[in-house]
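Taken in order, these protein sequences are the chains called A and B. Numbering follows the numbering used here, with no gaps: position 44 of the first sequence is 44. Numbering follows the numbering used here, with no gaps: position 123 of the second sequence is 123.
Calculated directly from the structure, the hints in this document are not laboratory data. Fair warning: there could be bad hints in the mix.
Dumping the calculated DMTMM-like pairs for lysine to aspartate or glutamate here, alpha-carbon to alpha-carbon at most 25 Å [as the list claims (entries may be wrong)]:
no., chain 1, residue 1, chain 2, residue 2
1, B, Lys21, A, Asp291
2, B, Lys21, B, Asp66
3, B, Lys27, A, Asp291
4, B, Lys116, B, Asp186
5, B, Lys27, B, Glu219
6, B, Lys116, B, Asp155
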Amino acid sequence: MINLFRAEWVKIAGNRWVAGCLVWIFPVGALAFMLVVGVIMALSSTAREQFFDAPTQWTEQAVAVWNIPNNPLGRLVLLGFTAVVFAGEYQWQTWKNVVPRNRRSLLIVIKFLALGAFIVTAFVLMSILWTVGTGVLSRIAGMPYGPTLTGDVLADFAGDYALAAALAFTSTIIAAGYAALAGMLTRSILGGVLVGFAITFVENLLAPVLALIGLLLDIPRIVHLYRLTPGYNLLNVSSWINSDKAIEWTIQVSDKARYTMTDSLAFSIFVLAAWVVGLVGLTIFLFRRQDIAS
Amino acid sequence: MTETPAIRIDNLSKTFGRRRKRIEAVKRVTLEIPVGQVYGFLGPNGAGKTTTIRMMLDLIRPTEGDVRIFGRHVRREHDVLRRVGAIVEGATFYNFLSGRRNLEVLARTANDLNPKRVDALLEQVGLAHRAGQRVKGYSTGMKQRLGLAAALLSDPDLLILDEPTNGLDPEGMHEIRQFIRSLADDHGKTIFLSSHLLGEVEQVCDRVAIINLGEIVREGMVSDLLEGKARLRVEASPLDRAAAVLGEYWAVSSNGQWLTIDATREDAPHLVRRLVEQGVDVYQVVSQRQSLEEFFLSVVREEAGRRD
Chain A
1 MINLFRAEWV KIAGNRWVAG CLVWIFPVGA LAFMLVVGVI MALSSTAREQ
51 FFDAPTQWTE QAVAVWNIPN NPLGRLVLLG FTAVVFAGEY QWQTWKNVVP
101 RNRRSLLIVI KFLALGAFIV TAFVLMSILW TVGTGVLSRI AGMPYGPTLT
151 GDVLADFAGD YALAAALAFT STIIAAGYAA LAGMLTRSIL GGVLVGFAIT
201 FVENLLAPVL ALIGLLLDIP RIVHLYRLTP GYNLLNVSSW INSDKAIEWT
251 IQVSDKARYT MTDSLAFSIF VLAAWVVGLV GLTIFLFRRQ DIAS
Chain B
1 MTETPAIRID NLSKTFGRRR KRIEAVKRVT LEIPVGQVYG FLGPNGAGKT
51 TTIRMMLDLI RPTEGDVRIF GRHVRREHDV LRRVGAIVEG ATFYNFLSGR
101 RNLEVLARTA NDLNPKRVDA LLEQVGLAHR AGQRVKGYST GMKQRLGLAA
151 ALLSDPDLLI LDEPTNGLDP EGMHEIRQFI RSLADDHGKT IFLSSHLLGE
201 VEQVCDRVAI INLGEIVREG MVSDLLEGKA RLRVEASPLD RAAAVLGEYW
251 AVSSNGQWLT IDATREDAPH LVRRLVEQGV DVYQVVSQRQ SLEEFFLSVV
301 REEAGRRD
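Pulled out of the complex, with its shape left as it was, chain A reads as follows (with noise of 0.2 Å):
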């Protein structure tokens, strides 16, 4: 197992071209952008004020990061990142070496789980840049940047930090599992990049989608579908770990129907597991059927 993940992390980090603007992007970003704020903040007193108008704290600093790999638009960058690593593998006619040497269903849990790995790394580090760039961006401005470092801070700010980062995770196994499905239709990294695209598309279009079939059919509470989607519990896990409370997700169906959804952490991180779990069978039990023909 571990010279399968190996394995695979070596094919996820070699194909550096690809990494580096999808993944490696984060990081080296948040760098880039400490440095240039740095830089103007050290020359000019009045962007040190306008920068820092008011004290912030490493814990929330370090934690705002795992907010990326939640949103659309950070799902969709890593969605196209993961479609390369699975799509990928057909377009370059190497599954017809990889699948003799091992189980066809320890490759893709394998392939998901170091893909995972892969970029929770990346976001760890970008994590560490952006919280101690944000120090040293303080400092600069005069401002404290707390709290103080004691037994019970550390034990919270673990807490949350380990829910972002597994917030984060399951976030790209779901994009890796649309990307793999999208992947293993097409054949093709840039068919897996469109058609991942699209079910993530469809998926954020779906609280209007749902509105205007219940009005349609005057059924106006199938918006309550809406609930099962993994874009709105990621959301809302996010909304726990950064505000502990729910996200309040209102849809308007008409004049009369209204709805606002806000739901517990159990009942998120109990869907998206079901999605994760969904989504890796589903990937595996087409793989073992799938003729690999080229």
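Position chain B against the provided structure of chain A, taking the given hints into account.
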């Protein structure tokens, strides 16, 4: 007790598509390949060679029938493929990784990385000096050599090689042919070799199967298949009298200068005796073995004629 064959294929069929687009790529193929042989698998383009090979490697699900390798079912006992090394339809790799990295990735995928073996194989296939360069810059021949190294990574007992000399120069082809033969003769490996280079197959293989339109149309030891089609060329005088004498026993054709007789080398003394007894002067009797290429073409044409 009979030894378990290296490969046993039973009633293997594969159909692609449905209804009007239905294509029967492989039809009820049955083969048995003993351990330690170099087995040639011949057929024109689209005959079903690669589809059969892909089913042997569990890349394609058979519609019917099954493949057993060293007595184990490839679909149900996938692990048996760890004893197999293969090149399928040209060697393809991760172009963004170096040759060495590609081999390491494949070895790790099989949970069998031995860095010394990787180095030794790179040396053996003549790629040690380019091992650190990305495969993107490799020629077709270099990729093919890397493919052979990849196939040998786990020191397999069975090698399935689909066009292994594609893209190699004549010297490289000769090297690979010798290498394949030595794997069987010196190391007891079984080689399943698919090639369109019939001269290559004739030189290297012990046994061959010819597949055409998805069906096995001939199968046997190379020497037996060609022996059955042996001919003798006879230079004698008077030629018409010689043709009449020999025509009583064998099929004879004449080009005005010599006779071509459908007879084996063992028939030569009998044939000469007959001619001498009938007062025909014999100047030369030459045994002409049909080449595998001629045999292959005659079989494929015969099959096409039979279908028409």
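Hint-by-hint comparison with the structure:
Our distance criterion of 25 Å between C-alpha atoms is met by Lys21/B and Asp291/A, whose separation comes to about 17 Å. Under the criterion of a C-alpha separation no larger than 25 Å, the hint pairing Lys21/B with Asp66/B is consistent with the structure, at around 24 Å. Of the supplied pair hints, the one linking Lys27/B and Asp291/A holds, its CA atoms being roughly 17 Å apart against a limit of 25 Å. For the suggested pair Lys116/B and Asp186/B, the alpha carbons sit about 21 Å apart, so the restraint of at most 25 Å is met.
For a cut-off of 25 Å, the pair hint linking Lys27/B to Glu219/B stands: about 15 Å separates their Cα positions. Restraint check: the Cα-Cα separation between Lys116/B and Asp155/B comes to about 13 Å, which is no more than 25 Å; the hinted pair holds.
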